[in-house]
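Engineer: Turn these sequences into a full structure, and let the hints guide you.
Quick mapping for you: the protein sequence lines, in order, are chains E and V.
Under the numbering used here, the letters of the first sequence match residues 19 to 111, in that order.
Under the numbering used here, the letters of the second sequence match residues 775 to 1104, in that order.
Since the hints were made in silico from the structure, they are not lab data.
Every residue, glycine too, gets a C-beta built ideally from N, C-alpha and C.
Heads up, some of the hints might be wrong.
To be verified - Using 30 Å as the maximum straight-line C-alpha spacing, the simulated DSSO-like pairs for lysine-lysine come out as follows: (1) V/Lys-837 / V/Lys-1052; (2) V/Lys-980 / E/Lys-30; (3) V/Lys-903 / V/Lys-1052; (4) V/Lys-980 / V/Lys-903; (5) V/Lys-837 / V/Lys-858; (6) E/Lys-30 / V/Lys-903.
As the list claims (entries may be wrong) - Here are some chain E residues the structure puts well away from chain V; computed CB gaps all over 12 Å: (7) Pro-22; (8) Phe-24; (9) Ser-96.
Here is how the chains run, residue by residue.
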Amino acid sequence: MTSPAFLAMREKVLAAIEANPAVGPGSPAMLERMNDPARDCGFEELGFDSLARMEFCIFLETEFGITLTSGEVETRPSINAMAAYLAEASAAG
Amino acid sequence: MNLLVEHFMACRTPADFYRLQILTECDATPNDIASLSRYRTMLPPEVSAWSENIRAMMLMQAKTVQPFRRELISRNVALYTTRKEPDAPRDLLLAFCGLADRLQVPVPVVLQHLDGSRFDVLLLRDPSKRIYLQGVPDYAPDLGLVAERIRRDIDLAGYRSVRSIGTSGGGWASFTVGAMLGAERAVSMSGKPPGPTFHLVRMWEKRGYSLNDQHADFAIFERLYNSIPVRSTRLLAFFGAGHQPDRDGAEAFEELVGAVGIGFRGVDDHNLMFQILKRQLLATFFDRYLTGDLDEVVPPPGERLLDFSSLEPPAARPDPGTAGQQALNA
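Structural biologist: Pasting the structure below:
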């Protein structure tokens, strides 16, 4: 889980979380965990709900051209799971 | 064809759809959602599923769609009304959205659970995400001026009463503007005085906002509230009993301005409105705490943690014997 493609996608996922008005880390400890690829942080603990998932998809498509549905976010419910999914999808073309 | 349906049919990518879905959840009337439902076969399956979900949430406690229409007053202020002329006296409900520009649940869902024959709803939002510390953008730059502007824009004397509700970051705005306008009661749902949270401060910093230090503690609210010459508004601060930050927020409201904190047992997340909605009790909650006689429904001090069963009509409550047996079986 430390390939360049994974880490690059993880940065994009973090950017989408940072820009999301409805969610975010509730404490410095959670922020630290969010930023550490060796650890992980679930979307639910960041406060994700259906609205936050839609905002997340809008940001990724608008900023990075990554097309994603809310359902795909729901089934990859953490930063690392989502980054791995996007890295895999990108590699598959 | 309905304009909203046309907008949805013009969407091309998931982001296009989601933008419009979010806008619809924040702005639409119950009739808008019902229209989407009528045209659902023309919509992409995901959009149709989403609109049917909103419609199902709307109709949890009522089968007839309430005919609210929306009158835009400013970019971030809209009046929802079912008024017909001539009409019986009505009440005005001020509604302050939280950070997500809604009332924790989609606006049409909230409207549908209110008594449309009684309430006009003035919906206000702060899309700058500064939780009303600088008022309502494009309307008035602080809450005192928001109250003044409402006085100019709305014929308050034409209403039987003014009441107020705010969710999350809108809770303190509900109390403040409600009291400034002499509201009979003001409600906060999962709100807290405007002390910035870790998440908020980071967001403000990233957006380059320069909120000076006077905004960074509860004092601004306490000073502002206590500067209101006549403070007769009854303040109710609802919270999920298992959600410590919201419990702390309600306690702060109690200490600072004498609000009555009321917690619901069994709720450990921030979204109290959704928790009430999913138990099919939102209309009942509104009837009791926005419309009902507060002397009858506000629990006495020391008993301010409620079970949801307290919202159910007596006939719907489980027989105490049966409930006890269920508890033993759990």
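Engineer: All the hints need checking, so say for each whether the structure fits it.
Structural biologist: Hints versus structure:
For the given pair, V/Lys-837 sits about 16 Å from V/Lys-1052 by alpha-carbon distance, which is consistent with the 30 Å threshold. For the suggested pair V/Lys-980 and E/Lys-30, the alpha carbons sit about 16 Å apart, so the restraint of at most 30 Å is met. The hinted pair formed by V/Lys-903 and V/Lys-1052 meets the criterion: a straight-line CA distance of about 27 Å does not exceed 30 Å. Taken as a hint, the V/Lys-980 and V/Lys-903 pair is honoured in the structure, with Cα atoms around 12 Å apart against an allowance of 30 Å.
Of the supplied pair hints, the one linking V/Lys-837 and V/Lys-858 holds, its CA atoms being roughly 21 Å apart against a limit of 30 Å. The suggested pairing of E/Lys-30 with V/Lys-903 holds, with an alpha-carbon distance near 22 Å, which does not exceed 30 Å. The non-interface label for E/Pro-22 is consistent with chain V: the shortest C-beta to C-beta separation is roughly 26 Å, beyond 12 Å. With a minimum CB-CB distance of about 23 Å to chain V, E/Phe-24 clears the 12 Å threshold, and the non-interface call stands.
The claim that E/Ser-96 is not at the interface with chain V holds, since no C-beta of that chain comes within 12 Å of its own (minimum 18 Å).
In summary, the structure agrees with every hint in the numbered list given earlier.
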